[in-house]
Amino acid sequence: MNLLSVNNLHVNFHIKGQDLAALIDVSFTLNRGERIAIVGESGAGKSILGFSIVNLIDKPGYIKSGSIKLQNKEITTMTPRLLQEVRGKRIAMIFQDPMMTLNPVLTIGAQLVEAIRSHTRISFKDARNIAIEKLHSVQIASPEKRFNQYPHELSGGMRQRVIIAIVLLLNPDIIIADEPTTALDVTIQAEIIQLLLDICRDNSMALLLISHDLGVVSRVAERTIVMYAGRVVEEGPTLEVINDPQHPYTQGLLNALPQMALPGQRLNQIQGNMPSLNERPTGCAFHSRCPYATDKCRQQQPDFIQSGVSSVACFMVENMITEFEQNTDEESL
Amino acid sequence: MSTPLIQISQLEKFFSTNESWLSQWRIDSGKLKRKKDSVHALNGINLTINKGETLCVVGETGCGKSTLARVIMGLTPATSGEVHYQDQRIDHLNDRQRMLFRRRMQMIFQNPYASLNPRMTVYQTLYEPISFHNPQLSTAQVDEQIQTLLESVGISASSIDDYPHEFSGGQRQRISIARALSVEPDFIIADEPLSALDVSVQAQVLNLMMDKQEERNLTYLFITHDLAVVEHFATRVAVMYLGRICELASTRVLFSAPKHPYTKALLSAIPRLDNNTTQPIRLIGEVPTQMDNPIGCVFQARCPYANQRCYTESPNMIRQTDNSSVACHAVDEGRL
Chain L
1 MNLLSVNNLH VNFHIKGQDL AALIDVSFTL NRGERIAIVG ESGAGKSILG FSIVNLIDKP
61 GYIKSGSIKL QNKEITTMTP RLLQEVRGKR IAMIFQDPMM TLNPVLTIGA QLVEAIRSHT
121 RISFKDARNI AIEKLHSVQI ASPEKRFNQY PHELSGGMRQ RVIIAIVLLL NPDIIIADEP
181 TTALDVTIQA EIIQLLLDIC RDNSMALLLI SHDLGVVSRV AERTIVMYAG RVVEEGPTLE
241 VINDPQHPYT QGLLNALPQM ALPGQRLNQI QGNMPSLNER PTGCAFHSRC PYATDKCRQQ
301 QPDFIQSGVS SVACFMVENM ITEFEQNTDE ESL
Chain W
334 MSTPLIQISQ LEKFFSTNES WLSQWRIDSG KLKRKKDSVH ALNGINLTIN KGETLCVVGE
394 TGCGKSTLAR VIMGLTPATS GEVHYQDQRI DHLNDRQRML FRRRMQMIFQ NPYASLNPRM
454 TVYQTLYEPI SFHNPQLSTA QVDEQIQTLL ESVGISASSI DDYPHEFSGG QRQRISIARA
514 LSVEPDFIIA DEPLSALDVS VQAQVLNLMM DKQEERNLTY LFITHDLAVV EHFATRVAVM
574 YLGRICELAS TRVLFSAPKH PYTKALLSAI PRLDNNTTQP IRLIGEVPTQ MDNPIGCVFQ
634 ARCPYANQRC YTESPNMIRQ TDNSSVACHA VDEGRL
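Each protein sequence line maps, in turn, to chains L and W. Under my numbering, residue 333 is the last one in the first sequence; the count climbs by one each step, no gaps. Under my numbering, residue 669 is the last one in the second sequence; the count climbs by one each step, no gaps.
Calculated from the structure, these hints are not laboratory results. Virtual Cβ for every residue (Gly too), placed ideally from N, Cα, C. Fair warning: there could be bad hints in the mix.
Said to hold, decoys possible - Distance ranges between label pairs, derived from CB positions:
| no. | chain 1 | residue 1 | chain 2 | residue 2 | range |
| --- | --- | --- | --- | --- | --- |
| 1 | L | Lys64 | W | Ser371 | 52 to 62 Å |
| 2 | L | His152 | W | Arg359 | 21 to 31 Å |
| 3 | W | Ser335 | L | Glu323 | 17 to 27 Å |
| 4 | W | Phe348 | L | Thr294 | 18 to 28 Å |
Unchecked claim - Simulated coverage check for chain L against chain W, where a stretch passes if three residues somewhere in it have a Cβ under 8 Å from a Cβ of chain W:
| no. | region |
| --- | --- |
| 5 | 55-62 |
| 6 | 161-174 |
To be verified - Some chain W residues close to chain L (C-beta under 10 Å, calculated; not the full set):
| no. | residue |
| --- | --- |
| 7 | Ile360 |
| 8 | Met453 |
| 9 | Val475 |
| 10 | Gly502 |
| 11 | Gln537 |
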């Protein structure tokens with residue numbers, strides 16, 4: 001059964017009298033224990049999607065239509081009281097910058113204990129024991145000492161571990177990690193990613209990883225969703241998306257990686273920039289940067305079609321599939 | 334034969350952490366003692382940068398990469414050691430004398446949102462360095478130079494009077510590159526110029542930097558922690574750890590045969606698309622701070638191969654058969 005299902009989600013921002021669409025018709029499902037990655041450039045709407053799942057979209061943004069269901073409970077229409085139950089306890093979030101998430105004037109311990117005690121009635125002493133145990137489980141050395149320290153006394157990787165410990169306290173079903181390792185070094189990044197993976201496997205938690213690092217994504221996620229200009233353009237098993245990208249944008253994104261070009265040669269950049277919210281073109285939003293764009297792409301928005309095990313929204317792929325089918329039909333005749 | 338452009342010898346930079354006189358006093362076993370604490374950001378760096386090459390400096394946060402860049406540029410004075418530009422010593426110059434070298438050395442900073450003056454248009458940003466360093470040029474001539482410069486970095490001339498906030502991150506970084514190129518330097522230090530940018534935009538900026546290098550025979554000192562970029566872009570790589578260089582090798586040699594245990598761990602930690610089976614080498618323990626500068630090898634606390642010698646004796650850079658240099662006792666003794 002689906003743990004989380006997002007259906008035809010539209011999120012708009014009301015800015016200067018204009019109603020700008022940040023997310024358009026986004027649908028996906030997340031099963032128990034599944035790890036999904038959302039990739040795309042900045043401004044593609046990855047983070048907005050993460051925020052809207054826990055209904056954290058602030059004004060001027062609002063959820064225009066669509067539904068987000070957590071085991072048949074609709075999140076978009078929940079009262080703040082019920083939402084409080086969902087946030088943290090069912091769905092937890094890890095943000096990019098651990099220094100911004102932790103309160104700089106409270107000790108690590110105080111923040112852990114607060115998180116436990118705001119959701120369960122428990123004595124301070126018991127809460128402290130749980131907190132220390134969780135700090136230990138995220139491989140923080142000498143947790144008793146760290147318990148009384150302030151966030152600024154810890155390194156970046158250590159802070160992110162503390163955040164993960166806070167997330168683990170309430171044993172949520174889903175962790176949404178919004179670029180959890182972008183601010184960290186490669187060696188620390190490798191450790192945090194491994195830790196996240198282990199935790200999700202051991203507790204059968206579902207993970208929604210928002211990232212622009214395709215290397216990280218390929219390590220972690222089972223399925224990958226590629227977003228461009230507020231829409232999902234490709235979705236499929238991670239290995240399939242990375243080894244056989246269908247959508248021209250996914251291809252461009254992968255080709256732009258330095259390891260895809262010969263050393264010392266020019267990199268294969270995608271021409272142009274992603275259109276900003278108020279200048280989204282008609283038709284497929286990628287057409288201005290797409291090497292295969294036709295007149296049809298400029299006028300119509302492509303629908304999702306199944307291509308192998310992935311689903312893609314692209315007319316070029318659609319044409320190729322119909323041609324292929326026609327050919328095989330003719331041959332069989 | 335490659336000619337050296339910049340030579341750095343025994344460069345050290347300490348930052349004092351208790352500057353005020355009163356905070357330097359401690360009570361130690363009943364006696365009042367005065368002690369100056371300092372952070373050893375650079376601990377005896379020796380480095381030669383050859384003309385026309387791209388030397389990448391990699392390492393974790395806090396290893397002194399950026400301090401190295403700032404000391405070479407003269408933005409921060411060195412504690413001891415020397416920096417030579419061709420055959421002139423430049424680290425002890427005053428501001429007026431240094432001006433001559435500012436024309437030849439330029440810097441590109443990490444965050445294009447912070448390094449461009451938000452109250453200056455693109456035109457003003459570029460006009461200032463050109464007219465300052467070429468006072469003989471007329472305004473029309475400067476304008477012409479700005480036009481060609483903007484064109485060469487792919488910014489359209491119509492946006493010449495726009496302010497930085499009107500550009501995207503990639504465009505801003507291209508404007509920073511244009512500003513660095515405006516005085517026609519020989520040597521550019523780029524301090525993490527790509528880390529604030531997306532993958533596709535990174536490719537644009539990197540391509541631009543490579544084109545310019547080819548056009549003008551530029552020398553780059555490229556500071557980054559993204560090893561995929563290093564593998565693609567660098568001629569030689571210097572790996573830094575806690576204020577020291579622990580391995581220096583040509584890119585091909587470093588990536589095919591890393592020697593220092595830290596380099597090995599660093600390379601294994603790169604998330605790659607193809608090899609999901611190999612596990613990264615885990616470094617146990619946190620990065621020690623530069624406050625408690627350990628005796629012996631700086632990497633001892635996290636090194637799986639450390640023995641007694643590593644705790645007592647600091648390793649020197651030793652040249653290997655494949656022309657790379659490594660500072661490691663284990664490599665020297667053939668244990669690794």
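Now for the hints, and whether the structure bears them out:
1. L:Lys64 - W:Ser371: 52 to 62 Å: Since Lys64 (chain L) and Ser371 (chain W) have Cβ atoms about 57 Å apart, the given range 52 to 62 Å holds.
2. L:His152 - W:Arg359: 21 to 31 Å: holds, 23 Å
3. W:Ser335 - L:Glu323: 17 to 27 Å: Since the Cβ atoms of Ser335 (chain W) and Glu323 (chain L) sit about 54 Å apart, the hinted range of 17 to 27 Å is violated.
4. W:Phe348 - L:Thr294: 18 to 28 Å: violated, 60 Å
5. 55-62: This one is violated; 0 residues, fewer than the three required, reach chain W with a Cβ under 8 Å.
6. 161-174: violated (count 0)
7. Ile360: This hint is violated: Ile360 (chain W) lies away from chain L, its Cβ roughly 23 Å from the closest one there, beyond 10 Å.
8. Met453: Check failed: Cβ of Met453 (chain W) comes no nearer than 23 Å to chain L, outside 10 Å.
9. Val475: Violated, about 29 Å.
10. Gly502: holds, 8 Å
11. Gln537: holds, 5 Å
Going down the numbered hints, you'll see the structure goes against 3, 4, 5, 6, 7, 8 and 9, while the others check out.
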